[in-house]
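Participant: With these hints in hand, go ahead and build the complete structure from the sequences.
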Amino acid sequence: MASATATRRPREAEAIADFFSLYGLPHDSVEALTEVSRLRRRGRGRPLMLPVMKFAYFLVDGCMSETGQAGKARLWRELMLFESISNSGVLPGSYSEERIDPVTTGATAVSTLTPCVFIEVPSSKMSALASTDPAIALMLARMAAKRGVLTERLYTATRASPVARVAAVLNYLAAPTRRNLIRRREDGALVMTTTEELVASGPSQADLSDALCLGRATVEKAIAELRQAGALRSFGPGERTNRCYPVQDRDLLRQISFGG
Numbered sequence: 000m001a002s003a004t005a006t007r008r009p010r011e012a013e014a015i016a017d018f019f020s021l022y023g024l025p026h027d028s029v030e031a032l033t034e035v036s037r038l039r040r041r042g043r044g045r046p047l048m049l050p051v052m053k054f055a056y057f058l059v060d061g062c063m064s065e066t067g068q069a070g071k072a073r074l075w076r077e078l079m080l081f082e083s084i085s086n087s088g089v090l091p092g093s094y095s096e097e098r099i100d101p102v103t104t105g106a107t108a109v110s111t112l113t114p115c116v117f118i119e120v121p122s123s124k125m126s127a128l129a130s131t132d133p134a135i136a137l138m139l140a141r142m143a144a145k146r147g148v149l150t151e152r153l154y155t156a157t158r159a160s161p162v163a164r165v166a167a168v169l170n171y172l173a174a175p176t177r178r179n180l181i182r183r184r185e186d187g188a189l190v191m192t193t194t195e196e197l198v199a200s201g202p203s204q205a206d207l208s209d210a211l212c213l214g215r216a217t218v219e220k221a222i223a224e225l226r227q228a229g230a231l232r233s234f235g236p237g238e239r240t241n242r243c244y245p246v247q248d249r250d251l252l253r254q255i256s257f258g259g
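At position 84 of the sequence shown the residue is numbered 83 (numbering that gives the first Met the number 0), and the sequence of numbers has no breaks.
One or more of the hints may lead you astray.
As a list, the in silico DSBU-like pairs of lysine-lysine whose alpha-carbon atoms are at most 30 angstroms apart [stated by the list, open to error]:
id, residue 1, residue 2
1, LYS220, LYS124
2, LYS124, LYS145
3, LYS71, LYS220
Hints are computed from structural coordinates only; laboratory data are not their basis.
Facilitator: This is the structure we're talking about:
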């Protein structure tokens, strides 16, 4: 048992270091963050309450629904920052970016729509590192800026058509996914093969409706139009259809999201 624990820790630390290295941090900054971080996994449907939980959360893999003030819902996937922000303003991000005071307005609820992997850092340690290490502060600022851009592009009021808005969110959520296929060989034998495709998975049509402030029938119609246009793949017999939107043509999906 001891040896299993010993081999598990280096892999966890390596995964954390790899994540922070994506942002071009110096080695010392990566090491400092890795030392105070832990890798957490949560199954689908598990909640996080922010800022009740006094941790910074970095979503490494998976899809989440965030419900903020006035019931506004948003859908997020990899590399986004979910943090508990103090009133000190040291940590930039969701609340400060949107001028929300978490103390006076209450907690933000976050729920996992797929199995998710997080990096968890105590807020006090995250704040201390950000205030003393300019590289870490810059990383957080870039995450906040990215979140702001995505919020503006995906979830703010717009004159874009419903099909364009649904296409934009599904394009953002799409990630490489492996699935098994049963094929018939030339000799008639059935064989199982593995293929990789882009799939936006996690949100139900109701989740998409809430995030985009569109009626459920409108979202359902938009998804049907995307399948008919060939941007999304239609399902074959026996395939999983719930909370799953396979992408057939990423370029076309992106073009439709821009109104093309």
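Participant: Run the structure past the numbered hints and jot down the numbers of the failing ones, going up.
Facilitator: 1
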